Each structure stands twice: as C-alpha cells, then as structure tokens.
Amino acid sequence: MAQERPISPHLTIYKMQITSVMSISHRLTGAVLSGGGLLLVAWVAALAAGAEHFACMQTLIIHPLGQLVLFGFSLALYYHLFNGIRHLLWDFGYNLSIKGVERTGYVVIAATLILTAVTWLIAYQDIWQEAWQG
Amino acid sequence: MQKSSSKKAMRSPLAKARGLGSARHGVGHWWMQRLTAMGLVPLVAYVMAGLLTAVRADYGDAASWLASPLNAVAMLLLFGAGFYHAALGLQVIIEDYIPHETRRLIVLALMRLVMTGFAVLGLFSILVVAIGQRII
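Chains as they are written, first to last, in our numbering: chain A, 28 to 161; chain B, 2 to 137.
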C-alpha cells in the first residue's frame, strides 16, 4: 500500500453555503428514500400476505418509532421532490444565475417544511378536530 | 453572422455530449435519471395522496384501495420507475465513494440485486392483492 501522505484541510475549513448544503442533502435524501422504498414494498407485501401480517405491520407503523420513521421519510420525500424539480429546471436552462439558485433554494426549503406540516395535519385531522373540540 | 452552411454549428449540446466517456453510457444514464424523475413527480403526488388515507385504514379498506385499477397501475409504475431511478442514483453515490475497483463493482452489483429484488417483490405483491380482491 502507498504511504499515507498529508493533505490540506477541506470540509473542515470551507464555509457551508446554501448551494453545497442543498446538494449534499439531495444526495442524502435520495439514499434515505431508497431505503424507504424498501419499507413501502414491505407494506404492500404485508397486504398481499393477509390480514394477520398486515395487522403486525400496522402495530409497527403506529408505534412512536414507526411514526418517527414515517415523519423522516415524508420530510426526505418532499425535499428530494422539490429539489429534484429545481434540478430539472436547471437542466432546461432556468434559474442558473447565482440569484436564481439561491432564490429557488429557499423556495424548496419553504415548500418542504410547509408541505410536510400540511400532510401530517391532514393525515391526523380527526385527532386535531377532537383536540380542538375537547 | 452564424455559418448556417456548417453542419457542426447546428449540433445541440446534447448531440455533442452523446457517446462521450469511456463507457459511452454517461448521457444515457443522465437522460434516464431525468426521464424517470419527470414521470415520478405526478406518480409520487398521486400515491402520497392516496396513501394518506390507506395507511390508517383497516385491512379490507387498504386492500380495496390497492386493488382499484388506477391505484394498482400507479403503484406498479411507481415501483418500476422509482426503483430504476433509485438504482441510477445509488450507482452514482457508490461510484463516488468506493475507490477500490473490485469492491466497487461488487457493491454495485449487490445494490442492483437488492433494488431489482424489492421492485419485483413489490410488483408481485400488488398483483396478488389486485387479483385476490377480485376472486373473493
């Protein structure tokens, strides 16, 4: 093996910017979603396997850890979706200026947070309504 | 003035990029990633909306949701395009972070195997539910 030689610092000293952070987040969420896809297949397979197996899956989903996984999955999904659209716009030649990149970047972050919140509110609307009336 | 008589001046950027790279597959990979991405945007939106109710439903309701033609086809397309898109993306990640050639090839092959295996399991399960709901 070659001798390990010293290299200059890079990640430890370079300033984090919206461009680089969003780029690595796109890669990270993509990898996370690949794992999430496996879980979605597991859900469908539980459906195919019958009511007993599906009930087992339901208990996993309702468990706080399951809800945490679902929440993380929805965050990753929305981020990757909206940033993916931002990438597609770049491919067609739009928003390639520094201003355009930064502006669309903030739009993606805002859309991710808003849509995730809206999704979870809608999913549990009956619980919110009960709490509101009670 | 543009030399309209020169054929080279009329080539699009994509035409110039095709076939470049040692494996000649770079542009194909890039295009398939974009194509599946565009297809996945409406698919994900539709399936997400449907899953919001289906995830909390009981077995019968969830099974009927999946068995309906529109939902079953959407899920089939989602798994097909989705796992293909995922495999392309994971390939790029693996190629970036594993410098050792043999190890990289093994991991790439394993990744493709897992993605394909789960995709087929998903397709199979959807068909089982869809047909099963129609036999009862």
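Possibly wrong hints are sitting among the right ones.
Claimed, not checked - One-sided excerpt, in silico: chain B residues whose CB lies under 7 Å from chain A: (1) Y60; (2) A64; (3) A87; (4) L91; (5) F119; (6) S126.
What the hints assert, rightly or not - Estimated spans, in silico, between C-beta atoms of each pair: (7) A:Y151 x B:V93: 32 to 42 Å; (8) A:K126 x B:L111: 35 to 45 Å; (9) A:H37 x B:S69: 44 to 54 Å; (10) A:P36 x B:W32: 12 to 22 Å; (11) A:H80 x B:L111: 18 to 28 Å; (12) B:I136 x A:L148: 37 to 47 Å; (13) A:A158 x B:H30: 47 to 57 Å; (14) B:A10 x A:G127: 26 to 36 Å; (15) B:S69 x A:K126: 42 to 52 Å; (16) A:T39 x B:R57: 44 to 54 Å.
The hints are simulated quantities; they were obtained by calculation from the structure and are not laboratory data. Every value quoted in this text rests on a predicted model; they were computed, and no experiment measured them. We treat Cβ as the ideally placed atom computed from N, Cα and C, and that holds for glycine.
Structure-based check of each hint:
1. Y60: holds, 4 Å
2. A64: holds, 6 Å
3. A87: holds, 4 Å
4. L91: holds, 6 Å
5. F119: holds, 5 Å
6. S126: holds, 4 Å
7. A:Y151 x B:V93: 32 to 42 Å: holds, 37 Å
8. A:K126 x B:L111: 35 to 45 Å: About 43 Å separates the Cβ atoms of A:K126 and B:L111, which means 35 to 45 Å holds.
9. A:H37 x B:S69: 44 to 54 Å: holds, 52 Å
10. A:P36 x B:W32: 12 to 22 Å: Violated, at about 37 Å.
11. A:H80 x B:L111: 18 to 28 Å: For B:L111 against A:H80, whose Cβ atoms are near 27 Å apart, the range 18 to 28 Å holds.
12. B:I136 x A:L148: 37 to 47 Å: Once the Cβ atoms are compared, 38 Å apart, the range 37 to 47 Å for A:L148 and B:I136 holds.
13. A:A158 x B:H30: 47 to 57 Å: holds, 49 Å
14. B:A10 x A:G127: 26 to 36 Å: For B:A10 and A:G127 the Cβ distance comes to about 28 Å; the hint holds.
15. B:S69 x A:K126: 42 to 52 Å: With Cβ atoms ~46 Å apart, the hint holds.
16. A:T39 x B:R57: 44 to 54 Å: Since the Cβ atoms of A:T39 and B:R57 sit about 45 Å apart, the hinted range of 44 to 54 Å holds.
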